[in-house]
Structures are given as structure tokens and as C-alpha cells.
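S.K.: Chains as they are written, first to last, in the working numbering: chain F, 1 to 192; chain X, 1 to 237; chain H, 1 to 277.
Treat the hints with care, as some may be off.
Cβ-Cβ distance ranges computed for the label pairs, FRET-style [claimed, not checked]:
no. : chain 1 : residue 1 : chain 2 : residue 2 : range
1   : H       : 242       : X       : 65        : 42 to 50 Å
2   : F       : 151       : X       : 232       : 43 to 51 Å
3   : F       : 123       : H       : 67        : 19 to 27 Å
4   : X       : 51        : F       : 117       : 33 to 41 Å
5   : H       : 168       : F       : 88        : 40 to 48 Å
6   : X       : 232       : H       : 227       : 57 to 65 Å
7   : F       : 140       : H       : 18        : 49 to 57 Å
In case anyone wonders, no lab produced these hints; they're calculated from the structure. Each residue gets a CB set at the ideal place from its N, CA and C atoms; glycine is no exception.
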Amino acid sequence: MTKVANAQPRPRFVPGQPDMWAFVLFEALVFTGYFIVYIIRRTQSPDLFLQSQAHLDLRVGVFNTLVLLASSWSVARCVQAARERSFRAALTNAFLTMLFGFLFLVSKVLEWATEIEEGFGFTTNEFFSFYYFLTAIHFLHLLIGFVVLAIGIYQLWSPARRSQEMIETCATYWHTIDFLWVLIFALLYVMR
Amino acid sequence: MRRTDGELILLWMLPALAIIWLAVFLLFPGFVQPMSPTMSAEEVAAFYRDPENLPRIRYSMIVFNWFSVGLIPLLALIVMQIRRMAHRTPIFSYSIIACAAGGPTIFLLANLFWLLAAFRPERDPELTLLLNDLAWVTFASQVGFLIAQSVILALAIYLDRQARPVFEPWVAHFNLLVAAAMVPASFVGLAMEGPIAWDGLLTFWVRNIAVGLWIAVMGVVLGQAIYRQRDAEGVAA
Amino acid sequence: MSASATGALPEEPPGSLLHRIAWHWRYDPKRELWIAWWTMLVFYQLFGLLFFVVTRTQPPPQPWWEPTRVAQWFDDHHYGLLIGFAFVFIISGMTALMNALIAYSMRRMSVSRAFAYSYLVIYALSTLPGMLLLGIALTVGAMRPDRDPELIRWIYDFAFMTFDGTMGVFLVGSLVWMVAILLDENRVLPKWFAYLSLCNALTEVVVAPAWIFKSGVFAWNGAISYWLNVGVFVTYTTVFLTLLRRMILREDFGTGPLPDLSTDEAPEPSGSVRAAG
């Protein structure tokens, strides 16, 4: 039976599976939709949003952003190391990425707990509905990111696997969640 | 050789089930003379509060509850027979599995509403009326999966082109007739009286007799098919 | 049984539409798949028509209305609701064939049959909260216009919340399909579609706030919980209709990878002919 070649040589326009890029594009579109709705609602009640924003701690936001940027850096180093076939370094960087991701998670949960304790919950006002919604949906993507990283680590572990394309695909996903976070940070914390 | 152990047990569950269902059907006071949608809230509440009716309602519905999913083994046996048909794909057997998952569940829902109505008959009559409405409308109008399983079975039989088809063509025609008989019942919301109302000729009598006939006829032809299959395989073994 | 055991189809004769359909009924080895696919296409068209035009229950009305306003809505929609949902009930069984086709796509994959069966049962069950309960509730609501408006509003809530708020079932189903596609080595469906399924699943999660908010963007008819979600869903449905059609065209009834559509040579019969079932 003609074996349909999976590893056909084809021009590589993008790192990783092109399919993952399709997903990135689509998710970006959906998030853009959310952001547009946010911006429209914000222009309709600017005072409410401005006042509510003051209750967010900018330092925590900056910390979160730096942590995720660091994780993007480490995942990029992981890809680079894998390309150079130094897989131990790649694995180390992958675990480092996970660590940064975990740091972000803990920080986010603590931030939510603090806000709730101060009396700002999901239903407090429209700004906070958006705040919890956007950060929660991002959180969900981050959790998926852990699954993706785990797949990457699984690939890197055994010499029998180690598909470069797979690792790049995982990295692509991770960069996307970082990118989305930066946008969310800008909208929720910075844009006043 | 395909494993057919136990199919006879499942098959003979069917007459037992049919007898129980018939008994329960007669027990529930709202079926033999079907309750009318035109009954007011007070009349419906009185029906549920009547000490002669209440135990009969509860016990009949409890038993219906247990056996509402009793049709699923019959559908599963039909799926096994469809698998013996000369088809290229398992599309039809999958479809019947889907009908088996959907259909009896809906019947269970109607059953649930009746039980709820009977649970606190002393509540506000408007609420009892609402629960009674929900039960009756669910019971009467949810014919979608019944229609689908008959139409799909008919299609499967028509496309079963082999020397000795599993079911004779008349079974397919019969199924199409049954499907057609159920269609008017979906329009139950449009009338409070007359043949389409939930106590009417078409929606209640024709539909339920069609279901009963379907169970009886399919039970028999299924039994014949299973016994024929066992004979053929007995000879081979 | 038909001698054409492979995907190599004898030439379809020219002629009127009816003539060609009759030919396919008699000779096309993929007719079961096409029956299922056309059922899917027709169902979605009817669904759109019945929900958006006849019953006008989509887009959903406002969650924050007072009971008397809700009773008014029922009055305005009286016949649309009763007739429209009658037809919805009649066609609801078409979903069985549709889900069978999607389950079949998983069966054709190199993954365990468990995926196909899981999906089949999940989606068969999902017609209940996803479509039928709405119909039952609104039919009951429309049948007695003189009911207490508070009760009418309860029915209204019941109907729309069960329709818009029970996305969990569809979420799990989408994930099952997604995992199957990602693991599949037979290239039945493209990997990007698996990621699209994930997108779809995530937008279904986003409907959850509809249980909390009665107005605004997170309400059952809000910009985020409804419109964005519907936009993604419509895209998703159009995409998988197209992909399933391609799958049927590519089908060679083998067990290995599905050939691509654009190959010139006729697909070889792969392995022995698999008996149905």
C-alpha cells in the first residue's frame, strides 16, 4: 500500500505545525472580539472603569507580566537548545518555563483572593466582571499551556521522539499566551 | 463466530417488559381515559389530590420509571442485526445507538414531571397544572427519536442487498408507516381539544398504539432473525 | 453485495437530478455516508430557519424583562412557537445520523473506538438540554396564555437557560473529537480543525456567566456569552460540514491513512474489504 509520507519535505514557512498557527490566529481573533467589547463598554462608562481600575495593584500586574516574559524567554531557549540537539539543556529550560508559569498561577490566585477579600467580586460592577472574565479565560489557556508543555517535555525526554516540529509547536502556543497576557495587562491595568 | 450468548435472554425480557408496561399503563388513572388539556388548575389539582388516584399515580409512575429504559436492550439487539446487514459502513447501527441514548431518556423526563406533580399535591394548583402540562407535552410531543429510529431502520433494510436479507422488506414499509403515524403528535401544542390535543385520537391513541405495535412487531421479527441466526451458526459449528 | 469494494467509483451518468440520485442509491458504495452528510446539511438549514425565523427564539430575548413583558413576548410569538417547535420535534431525530457520521470519522482514525462511542452517546444525550427542553418548555408556555405571569417567566428562564447555559455537554464532546484528531495517524481530519474544536470548546465555557448575569455582555443574549459564541459556532459548523464532505470523497474504506483528494491515480484497495460493523 502506498505509504502516505507524513514527513514530506515541504517548505517551512513557520516554525512548528502550521496548524498551531491557525489556532493562534483564531484565538487571537476571538480575544480581539472580547477586547473590542471591553473597549466599547469602557467608553460608555469611563468613570466607573477608571475608579474600579484604581483598585487593581499595578505592581502585581507588572510582576505577572515579567514572569510570563521570562517564561517566554526560557521556552525560546528550550527550542534553541533542542535545535542544537543539547536536549538536557532543552529539558531544563522546559521545566524552568513550567516553573515560571506556576509562579504566574500562584500570583494570580493570590491576587484574586485579595481582591475578593476587599469586596471586589465577579458581580461587583462591570469592570470587575471583565477583569475576572479576561483573567480567568487567560488562566484557562495557561492551564492548557501546562498540558502543552508536558507534551513538549514528553517529546524531549526520550531519544526515540524529540520531534523538533512538535517542540516548536508547543513553544508557539506558549508565546501566544504570553502575548495575550501582555494585551490583557495593557487593557486592564495600564490603559487609564 | 460472533458471540450471541445472552441475546435470547435480552429478547425474552421484551414480553415481560410489555406486560409490565401494559399493566402500568392501565394503572395510571390518567391514561385509560386520558386527561384533557382543558382541565382547569383546580381540576388537575383535584385529580392529583384524590386519594383514590394518588397511590395509583405514584406507583404506576415509579414502575414506569424503572422500566422506561427497558427498550434499550431491544434497540441494542436491533443494532446487532443491522450489523449483519450488507452495508459498507456502520452509520446505521451508530444512528440507532444514538436514538437509544436519546429516546428513552426523554420518556424518563415526562415520567419525572408526573412524579413531581404527585409528590406534593397540596401545592398551589397552578404549579401542579404546570408540572402536569410539562409531563403531558413531553410525553406526547417527543416523537423525534421514535420517528428517526423507524426511518433509519427502514433505510437500513432497503439498503440491505443480499440473498437473504436480515429483515423482509415489509418490515421497512411497516416502520415508515409507524414513523408517519407519530408525526401529528408533535403538534400537540396547537390544540386543547380534538385529535391533536394530548388526549386526542391522533396524538394519544394512534401514536401510542403505533408504539405498542412497533414493539410487538419488531420483537417478533427480531426474535425470528435471532433464532434464524443461531440455527445458521449452529449448523456451521 | 456491490463489487466496487474500493473508493474507485464508476462514472456517474449524466442526467436529471432525480436520475443521478437514483443511480447513487443503487450503486454508490458511499451512499450511507452521503445520506448522513446530506441529513446534516439539511438539518442545520432547517434548524437556522426554525429557530431564527419561525419561532424567533434566536437571538434570545432579554433576561431582565418583567413577567408581564415576558407574557407579552409569548403572545407575540404564539403560533411561531407552537408550529416551529412541532417541526423541531419532528426533525430532532436527524441528529442521530449526524452524530453517527462524526462518530464514523473517529472510527476511521487510528485511535480507539472508545472515542467514537463516547462522542456518539454524549451528543445523543445533548439534544435534550440543547434543543428539546427549550422546545418543550416554550410549547407549554405558549399553550396557556392565561397562566400567572410569574409562572410564565419561570418557563421562559427554564427554556433559555437550558438552551444557552448547558454547554458542558458540548464542551466535553468537542474535546473528545479534538483529542481523537490530534492522535490520529490516518489524517482523516486536519490538525488545525482539532485546534478549532478547542476554540469552540473554550467559547462554550464562556457562556457560563449567563447563569449569573441578567443583562450586559455576559447575559444569555450578551455580546460575549451569545454573539461571539454563536459566531464561533457557525464558523465551526460550516468548517466541519466541509471537512466531512472531503472525508467522504477521500474515503477508501481501508484502515490506513486516507488518501488526499488531488491524487491522480485511483486509490488502491488497501487491505481486505472491511465488512460493515
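S.K.: Each hint needs a verdict: does it hold in this structure or not?
M.R.: Against the structure, the hints:
| no. | hint | verdict |
| --- | --- | --- |
| 1 | H:242 x X:65: 42 to 50 Å | 44 Å, holds |
| 2 | F:151 x X:232: 43 to 51 Å | 50 Å, holds |
| 3 | F:123 x H:67: 19 to 27 Å | 23 Å, holds |
| 4 | X:51 x F:117: 33 to 41 Å | 56 Å, violated |
| 5 | H:168 x F:88: 40 to 48 Å | 42 Å, holds |
| 6 | X:232 x H:227: 57 to 65 Å | 59 Å, holds |
| 7 | F:140 x H:18: 49 to 57 Å | 51 Å, holds |
Hint 4 alone, counting from the list given before, is not met by this structure.
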